[in-house]
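Letter by letter, the chains look like this.
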Amino acid sequence: IRDFCLSRGLGDVYKRQVSTQSTGSHCPRMSQLGESNKYQIRKAEPADIPTIIDLIHRLAEYEKQPEEVVITNQQLLEDGFGEKPLFHVYLAEILSADKCLSVGFAFYFLTYSTWKGRVMYLEDLFVLPEHRGKGIGVGLLGKCAEEAKRLNCKRFEWAVLDWNTPAIKFYQSIGSKPLNEWIKYRMDEQAINAFLEGKYSGKTNTEKQ
Amino acid sequence: IRDFCLSRGLGDVYKRQVSTQSTGSHCPRMSQLGESNKYQIRKAEPADIPTIIDLIHRLAEYEKQPEEVVITNQQLLEDGFGEKPLFHVYLAEILSADKCLSVGFAFYFLTYSTWKGRVMYLEDLFVLPEHRGKGIGVGLLGKCAEEAKRLNCKRFEWAVLDWNTPAIKFYQSIGSKPLNEWIKYRMDEQAINAFLEGKYLSLIHI
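First to last, the protein sequences are chains C and W.
Residues 1 to 209 (my numbering) make up the first sequence, in order.
Residues 1 to 206 (my numbering) make up the second sequence, in order.
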C-alpha cells in the first residue's frame with residue numbers, strides 16, 4: 001500500500017492515514033463526544049484496505065461462505081483507488097478507548113439502466129453485530145442515498161439473500177421494493193473460459209473484426 | 001450528437017459514421033458477403049445512439065413495459081461516450097440491401113465483487129425477433145465474454161425475467177447458473193427522496 005500510494009503521489013494521504021489511526025486523531029469530531037451511540041461516516045482511503053477486507057470477511061461469514069473470499073489488497077488498491085475507481089466505500093467509525101474503530105461499511109458503484117439512466121448499486125452493507133440497532137446501517141444507506149442524488153441516479157439498488165430475514169425486514173422498513181421477477185445468472189471464470197472455448201467458437205458466423 | 005462529437009474532438013468519428021451508414025461502406029467486409037447468416041459485431045459510437053435507443057425500446061416491448069423507457073439521447077451520450085463511460089455497447093449488424101442493419105445489441109458495464117474482484121454485468125441483450133436462431137445472441141455474448149477475459153473479470157453476470165422461458169433455456173445452454181437465493185431490492189427516485197427526507201434524518205445519530 002505504501003509503495004502504491006507513493007508512486008501515485010498519494011504519499012501525504014498515506015502518511016496521514018497511518019499516523020492518525022493509532023492516535024485516534026483521525027476522528028476529530030469524535031474526540032469531543034463521549035456517548036456510545038455516536039458514529040461518523042467517511043469515504044475510505046487506501047490505508048483502510050486491510051479494514052475493508054476484514055469487514056468483507058465478516059460479512060461473508062454472516063452469509064455462510066467465508067471460504068469464497070479470495071480478494072486481495074492489491075485488487076482493491078488498483079480497482080478502487082486508481083484513476084478510474086470501479087467502486088467506492090464508506091466506513092462507519094465509532095470512538096472506542098480513544099481510537100477510531102471501524103464498525104461497518106457500505107461498498108457501492110454506479111451501474112446503468114437502459115430505461116432510466118444512472119443507478120447506484122450497493123454491493124455490500126454490513127455493521128458488526130455488536131453495534132447494530134444504533135442507526136449505523138441506516139446512516140450508511142443514507143450517505144449512499146445522498147451520493148446517489150448528487151450523482152443524479154434514478155435508482156438505488158442492492159440484493160439480499162432470501163433467508164436473511166432481519167435484512168429483508170430492514171429494507172422493507174425503508175421503502176425499497178423487492179424485484180421478484182428477476183433471476184440473476186452468473187458465469188464464473190471457469191464457465192467464461194468453457195464458453196469461449198466451446199460453444200461460442202462453434203456456433204457463430206461472425207466475421208472477425 | 002454532432003456538437004457533442006465536435007466539441008470533444010470526435011469530429012472524424014462522427015463524419016465517418018454519418019457518411020458510411022447510408023452507403024453501407026461502414027461494413028467493409030460485409031459488402032463482400034452475400035449470405036444471409038453473416039453478421040458483424042462492433043463497438044457502438046455516438047452516432048449509433050438513435051439505433052441503441054430503438055433497440056432498447058424493442059427490448060422493453062418484449063419485457064412488456066414499453067412505457068417505462070424514459071432514457072434520452074443526451075443521457076446515453078454523456079454517460080456512455082464521455083471521459084469515463086458508465087457503460088459500453090456492442091452492436092450486431094447484417095448487410096441488408098447494401099446497407100448495414102443493426103439487428104441486436106449487448107449493453108454492459110463493469111461491476112465488482114468484494115469476494116472475487118472485477119465483474120462484467122450484461123444489462124441488456126437483444127436480437128430482433130426476425131433474426132434469431134442465427135447465432136447472433138451467442139456471438140454478442142461471446143464478444144462480451146472475450147472483453148471480460150481481457151479485463152480480468154472473475155464473473156460475468158446478468159438477470160432474466162422468471163417468465164422469459166426462451167432466454168432461460170438459452171442461458172442454461174451456455175453454462176451459466178441461476179443464483180436463486182438472491183432477491184434484488186430497489187428504491188426508485190421517489191423512494192430515494194422519501195428515504196432522505198424521512199427515516200434517514202430521524203434515525204441517525206451523527
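Just so you know, the hints here were simulated from the structure itself, not pulled from any lab data.
Hints are not guaranteed to be accurate.
DSBU-like mimics (lysine-lysine), calculated; alpha carbons at most 30 Å apart, straight line [claimed, not checked]:
hint: 1; chain 1: W; residue 1: Lys64; chain 2: C; residue 2: Lys143
hint: 2; chain 1: C; residue 1: Lys149; chain 2: W; residue 2: Lys64
hint: 3; chain 1: C; residue 1: Lys116; chain 2: W; residue 2: Lys169
hint: 4; chain 1: C; residue 1: Lys154; chain 2: C; residue 2: Lys116
hint: 5; chain 1: W; residue 1: Lys149; chain 2: C; residue 2: Lys177
hint: 6; chain 1: W; residue 1: Lys99; chain 2: C; residue 2: Lys154
hint: 7; chain 1: C; residue 1: Lys184; chain 2: W; residue 2: Lys99
hint: 8; chain 1: C; residue 1: Lys64; chain 2: W; residue 2: Lys184
hint: 9; chain 1: W; residue 1: Lys116; chain 2: C; residue 2: Lys177
hint: 10; chain 1: C; residue 1: Lys84; chain 2: W; residue 2: Lys84
hint: 11; chain 1: W; residue 1: Lys177; chain 2: C; residue 2: Lys64
hint: 12; chain 1: C; residue 1: Lys64; chain 2: W; residue 2: Lys84
hint: 13; chain 1: C; residue 1: Lys154; chain 2: W; residue 2: Lys116
hint: 14; chain 1: W; residue 1: Lys149; chain 2: W; residue 2: Lys169
hint: 15; chain 1: C; residue 1: Lys116; chain 2: W; residue 2: Lys38
hint: 16; chain 1: W; residue 1: Lys169; chain 2: C; residue 2: Lys84
hint: 17; chain 1: C; residue 1: Lys116; chain 2: W; residue 2: Lys154
Remember, it's a predicted structure, so these values are computed and weren't measured experimentally.
Run through the hints listed earlier and report the numbers of any the structure violates, in increasing order. Hints 1, 5, 6, 7, 12, 15 and 16 not satisfied by this model.
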